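Novice: Read off the chains here:
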Amino acid sequence: MMRNGASKAIDNNPSDDICPVCKSNRYLNPSLQFLINPECYHKMCSTCVDRIFTSGPASCPVPYCGKTLRKKGFHKAFFGDLKVEREVDIRKRVGAVFNRRQDEFETLLDWNNYLEEVEGLIFDLVEGTKEEKLKAEERLKAYRESNMGDIEENRRAGLEQIEMEKQREKAEKEAVRQRRLAALREEEEEKLDVARSKRDVLERLANTDEDANKITQQAQKIILKKSSARRTLAESVESNGRARDSGLTIRGLKKKEAPIAEKPYDPFGGVDLTPSRYVLQEDYDNEWLSNAKSDTRHMAGGYSLQEYYARTLFEAFSGLGVFIEDEVAGRSLPAAPASIGTAAAAEASAAKVNIEYKMELDDVF
Amino acid sequence: MSEDERYRTSTQYRLWSYSPDSLLALRSTTNRIAAERVREAVRRLREARALSSADTSEVENGQSTSAIPEGEVDCLTVDEELKLVAFYCRQTIQLGDHLKVPTEVKATAIQYIKRFYITNSLMTYHPADILKTALFFATKTENHYFRLTKFADAIGKTKPEDVLASEFLLTQGLRFTFDVRHPFRALEGAVMELQALSKGDIPPFHGAGAVIEARPHNMERRVKNAHGKAREYLKSSALLTDAYFHFTPSQIMMAALMIADKELTEWYIKCKFSAAAGGLQQKVLATLEKCATMLKEVDTSSEPSTTERKELKALAKKLNKCRNPEKMDLVGLQRAKREGEESVDEKIVKKRKLEREQSAKEGEDLFGPAIKK
Chain Y
6 MMRNGASKAI
16 DNNPSDDICP
26 VCKSNRYLNP
36 SLQFLINPEC
46 YHKMCSTCVD
56 RIFTSGPASC
66 PVPYCGKTLR
76 KKGFHKAFFG
86 DLKVEREVDI
96 RKRVGAVFNR
106 RQDEFETLLD
116 WNNYLEEVEG
126 LIFDLVEGTK
136 EEKLKAEERL
146 KAYRESNMGD
156 IEENRRAGLE
166 QIEMEKQREK
176 AEKEAVRQRR
186 LAALREEEEE
196 KLDVARSKRD
206 VLERLANTDE
216 DANKITQQAQ
226 KIILKKSSAR
236 RTLAESVESN
246 GRARDSGLTI
256 RGLKKKEAPI
266 AEKPYDPFGG
276 VDLTPSRYVL
286 QEDYDNEWLS
296 NAKSDTRHMA
306 GGYSLQEYYA
316 RTLFEAFSGL
326 GVFIEDEVAG
336 RSLPAAPASI
346 GTAAAAEASA
356 AKVNIEYKME
366 LDDVF
Chain Z
109 MSEDERYRTS
119 TQYRLWSYSP
129 DSLLALRSTT
139 NRIAAERVRE
149 AVRRLREARA
159 LSSADTSEVE
169 NGQSTSAIPE
179 GEVDCLTVDE
189 ELKLVAFYCR
199 QTIQLGDHLK
209 VPTEVKATAI
219 QYIKRFYITN
229 SLMTYHPADI
239 LKTALFFATK
249 TENHYFRLTK
259 FADAIGKTKP
269 EDVLASEFLL
279 TQGLRFTFDV
289 RHPFRALEGA
299 VMELQALSKG
309 DIPPFHGAGA
319 VIEARPHNME
329 RRVKNAHGKA
339 REYLKSSALL
349 TDAYFHFTPS
359 QIMMAALMIA
369 DKELTEWYIK
379 CKFSAAAGGL
389 QQKVLATLEK
399 CATMLKEVDT
409 SSEPSTTERK
419 ELKALAKKLN
429 KCRNPEKMDL
439 VGLQRAKREG
449 EESVDEKIVK
459 KRKLEREQSA
469 KEGEDLFGPA
479 IKK
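Listed in order, the protein sequences are those of chains Y and Z.
Under our numbering, residues 6 to 370 are what the first sequence spells out, in order.
Under our numbering, residues 109 to 481 are what the second sequence spells out, in order.
Just chain Y, same shape as in the assembly (with noise of 0.2 angstroms):
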């Protein structure tokens, strides 16, 4: 793709050095200007545009083209091939319409869809015949007209998403200037501090009469403890910094739905396992349980006297109500479903006759 063509390429394509109207060479005119519009893409230099459509509408001066022009639509061509030009302008005028984002679909099939169909109505309208043009058109418009809403949301929230990367941009280069700044000033810092510990140094040896290894030495680490300082502090500082960066650039970013309160998990998916023969009560009075409960060396193991209520009492009626040679007797038979209870003990007491007598005939040695 050629971009500013009408610099570069003079030399090799002859047709962008004279105007197709008025024929002027650049050769005559070094400042010679090709301009184009949207309407019809036929170029003519700056003047002719001038001459022809300064006093207000008027027809396309090359042959057989006619179209209705307008001063205001003429622009410089961006790209040197027109045909370029032409589609990416359509792309442009389609793609403001067609302008949903992939997280309004469901799936990403959808969402590739969704993209074959819009590439096809730019096909359409790039390299169709004067009908599929048409149709194509038409189905622009009919479907700007049905999803005004959408279309205008989406555009929102486009510029808002152009919006937002500027900041962030912004933020990053203020952080990346701020530290430098910093690191500056650390760095002069420190060469205070080094001249100030050696006129320390020196005055002390000029004073005092202490070893002056010592001194030097001592001077040294002082030195060494200030920076390390400084660097623990300017690294909170940056952290701090950051953390309240990451704050300012999350803030935003993704909106979400409210999630949908989820219900309290069920384990039992449903059962209800409230005893129908008794109430379990909070405690009761047993000699045997009077120690457990008192001491704290059954208890600490997680021991929960309640447990103990509810197994012992559920056990105490689970089945009182079974009877079995009732239920029993019609386990052989297929079609009494009525006295099996649950569909385990239906499979066990279908296949039971035929169990047993494998068995019978079964040995293990």
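Check the hints yourself; a few may be wrong.
Only part of the chain Z face toward chain Y is listed, based on derived beta-carbon distances under 7 angstroms [stated by the list, open to error]:
no., residue
1, 109
2, 112
3, 127
4, 294
5, 298
6, 300
7, 304
8, 308
9, 354
10, 356
11, 395
12, 458
Simulated from the structure, these hints should not be mistaken for lab results.
Quick caveat, the model's predicted, so the values are computed rather than measured.
Backbone N, C-alpha and C fix where the C-beta goes; we use that ideal spot for every residue, glycine too.
Dock chain Z against chain Y, hints included.
Specialist: Okay, now just chain Z, sitting in the frame of chain Y:
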């Protein structure tokens, strides 16, 4: 899901609950098949002996056949088998007492033995072997850890292999269900609630206000007495009868309470089942009555009387004569089985090695090895 429905999901209900008739039918089938097999095995053994002794001298022949009973084998009947099983169940309790294991372990072991001998005959597998394994299993299922070597030592004249020999056999006989529901914990629950009721701590159960007014006198003491008595019944009679096959743990527990204090228990049942509810109350009471008679029937004294002892001795002798000779040495069978499996493994390993060598040889061939189909 009601309490009853939850009980119906247990293996004890699904696999190990029978009506008296079906239980008897099952036992007689087992007995018949086992007897046929014993006769078959004895016949085979005799033929083998006859073959092997054909080339040895006549004198030896006469000696070797003496180990096998002559003539038609006299097999145990179902009743005789049951008596012997009951005897060995008592033996299990004694062994359990000797090993100082909790009641639950003994109870579970007895149920294992009873369950095992529904589909297996004493003539095939001797209860003295099965008993040890059952007790050992019970220590595991009831969460009472007992080291195997210590267990074998404590029994005396037993090696760990003896205990483990019938391990899988018993597991298969139990249809891989180890869960036994006992009435012991149920009794604690019922007694706890009765005590609370006697003190008036618990509000009357819904729809039973009138009944609760008519509660027995002196209830607190009576509950205590009934608790002890019922526990005794559960520890002995309930285990030695077939109650576990015909009644649910809750019913067995209530029946034991009923023997201990009839008035109290009937009142309690009436509290729980209102008289209006479709005769359920009557049915429960009738079932408990039936269970109670069953529990009362059995003699709980640990030492059998002299006549019984004589009878048992005779039965034991008879059993020794009609045991299946092919299944006597469980330890040996177990070892043979294991070694058999190992030798098969070795064969496979050898075969694979040969194949590998062959393919390596063929790999050096000019056109590579043959294409595998």
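Novice: State for each hint whether it applies.
Specialist: Taking the hints in turn, this is what the structure says about them:
For residue 109 of chain Z, the shortest C-beta to C-beta distance to chain Y is roughly 5 angstroms, which falls under 7 angstroms, so the interface hint holds. Because the smallest distance between the Cβ of residue 112 of chain Z and any Cβ of chain Y comes to about 5 angstroms, under 7 angstroms, the interface hint for this residue holds. Because the closest C-beta pair between residue 127 of chain Z and chain Y is about 5 angstroms apart, less than 7 angstroms, the hint holds. A cut of 7 angstroms between beta carbons decides the hint on residue 294 of chain Z: the least distance to chain Y is about 4 angstroms, and the hint holds.
Because the beta carbon of residue 298 of chain Z sits about 4 angstroms from the nearest beta carbon in chain Y, less than 7 angstroms, this interface hint is met. Nearest Cβ of chain Y to the Cβ of residue 300 of chain Z: about 5 angstroms, under the 7 angstroms cut. The hint holds. Annotation: interface hint on residue 304 of chain Z holds; nearest CB of chain Y at approximately 6 angstroms, less than 7 angstroms. Violation of the interface hint for residue 308 of chain Z is found here, the shortest Cβ-Cβ separation to chain Y being roughly 12 angstroms, above the 7 angstroms cut-off.
Using the Cβ-Cβ criterion of 7 angstroms, the hint placing residue 354 of chain Z at the interface with chain Y is satisfied: the shortest such distance is roughly 6 angstroms. Annotation: interface hint on residue 356 of chain Z holds; nearest CB of chain Y at approximately 3 angstroms, less than 7 angstroms. Evaluation of the residue 395 of chain Z hint against chain Y yields a held restraint, the C-beta minimum of about 6 angstroms falling below 7 angstroms. Hint status for residue 458 of chain Z: violated, given a least beta-carbon distance of 26 angstroms to chain Y, over 7 angstroms.
Of the hints listed earlier, those the structure fails to meet are numbers 8 and 12, in rising order.
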